[in-house]
Amino acid sequence: MTTTAAIAPISPPAETTPPKKLTGLQKRVLLGGSIGQFIEFYDFTLYGLTAVIFSQLFFPSTDPILALLATFATFGVAFVVRPLGGLFFGSLGDKIGRRKVLAITLLAIGTATACMGLLPTFHQIGFWAPALLLLLRLVQGFSAGGESVGAPSFVFEHAPIGRRGLWLNITIAATALPSVFAGTMILILSQSMSDDSFTAWGWRLPFLIALPLALFGVWIRSKTSESKSFTDAQATKTKEFSPVKETFRENKLRMVQVIFVMGLTAMGFYFLSAYFVAYVQTTGNLSREQSLLANAAALALYAVLLPIGGHIGDKVGRKPMLIAGSAAIAVLAIPSFMLVTSGSLPLALLGQMLFVIPLCIYGGGCYTFFVEIFTTRTRFTSAAVSYNLGYAIFGGTAPLVGTALVASSGVSFAPGFYMAGAAAIVLLLVTLTKVPETRGRLG
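Residue numbers (this note's numbering): 1 to 443.
It cannot be assumed that every hint is accurate.
With a straight-line cut-off of 25 Å between C-alpha atoms, the simulated PhoX-like cross-links for lysine-lysine are [unchecked claim]:
1. 239 x 27
2. 21 x 228
3. 95 x 228
4. 95 x 252
5. 100 x 239
6. 27 x 223
7. 21 x 237
8. 252 x 239
9. 239 x 228
10. 434 x 245
11. 237 x 252
For the record, the hints were derived by calculation from the structure and aren't laboratory data. Predicted model, so just to flag it, every value in this text is computed and none were measured.
All chains, full assembly: derive it from the sequences and hints.
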């Protein structure tokens with residue numbers, strides 16, 4: 001590989017010490033990136049939070065576990081097209097700019113999510129209901145393939161070198177807030193109306209507000225501009241420049257590393273944000289309100305701890321955070337799942353919080369690593385393809401695999417073994433292979 005030497009760690013030069021005061025542009029970039037991440041994950045987490053409702057209305061079955069499996073299978077299908085969306089929007093973003101592409105992806109996600117709130121049910125239009133739901137999930141997934149990496153790349157390229165981890169993790173922390181926001185909204189709605197009313201129409205309201213949220217995000221981003229590093233990179237590109245060809249020619253090893261590194265955090269985040277709510281209802285015998293309350297508290301903790309992890313990663317490096325985080329996940333995953341399925345609200349909350357802490361340690365390294373390892377020329381394409389493959393293979397399938405493991409084994413905490421095993425594999429990958437330290441890397 002011709003560019004391997006370029007990923008050696010480079011200490012930030014003294015003159016790159018970040019200024020204490022952010023510029024107006026930097027504030028808008030950080031806000032715009034955070035809003036985009038919020039809306040992107042709002043649709044995914046909202047679907048996970050209402051999985052039990054979807055299983056009843058769109059996948060009727062005499063076996064609730066089978067209906068839930070069908071619901072999570074539809075959840076996972078959206079991840080199949082994420083790498084394709086990443087390839088399409090990543091290549092486009094490396095050619096015409098991040099800002100234009102991010103306007104398209106955000107509008108598409110918001111529109112598809114709002115349309116889900118308008119769908120007729122299975123009893124109204126038969127198999128057209130799950131078919132249309134699947135189509136909208138595909139639109140969401142394809143668009144999210146660009147948004148999920150475009151926003152962090154945009155923020156990264158505007159961030160001071162010494163604060164990249166903090167900036168990126170503030171942006172990514174916004175992915176936890178949709179679950180808190182949507183969970184609180186669903187909790188209020190379900191408490192203020194009868195179960196029949198909530199099942200009939202109340203669940204639709206959180207989906208409908210996605211479009212105005214997306215329009216607000218596009219407006220914020222319209223007040224930003226491309227980074228100097230991107231405009232400088234554009235000046236070196238010829239008419240024959242192909243982000244896709246250059247990506248697969250120069251970055252194959254790096255992309256494989258990112259797939260596995262991000263695959264672990266994808267599993268963890270979607271167990272936390274999309275699986276635990278339905279999981280504790282079906283296997284832990286807690287009410288919908290109790291499961292939403294426990295999950296919202298855990299995700300609020302995640303949003304607080306993740307920027308702290310990023311700040312520590314700026315001080316000690318990305319690789320130490322990856323090693324410490326994956327080791328902690330391997331040790332704590334099984335006890336966490338045992339507590340989550342205990343049938344006790346305090347223990348379920350404790351289990352989810354115990355799961356959050358190692359995720360945030362690991363996140364202190366991985367969320368900057370996956371964009372920092374690539375150069376500006378093909379960062380969007382390279383990161384989008386590898387990140388989304390990791391999320392498709394490991395994240396999108398996590399709720400489905402978790403449900404299947406419980407159904408086949410009869411062991412309520414079986415997904416904990418799956419998570420612990422994945423963490424152990426990543427720990428070996430990071431410690432025994434040439435995963436580079438990227439902190440302070442220029443270019």
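Can you give the numbers of the hints that this structure goes against, from lowest to highest?
-> 1 and 7
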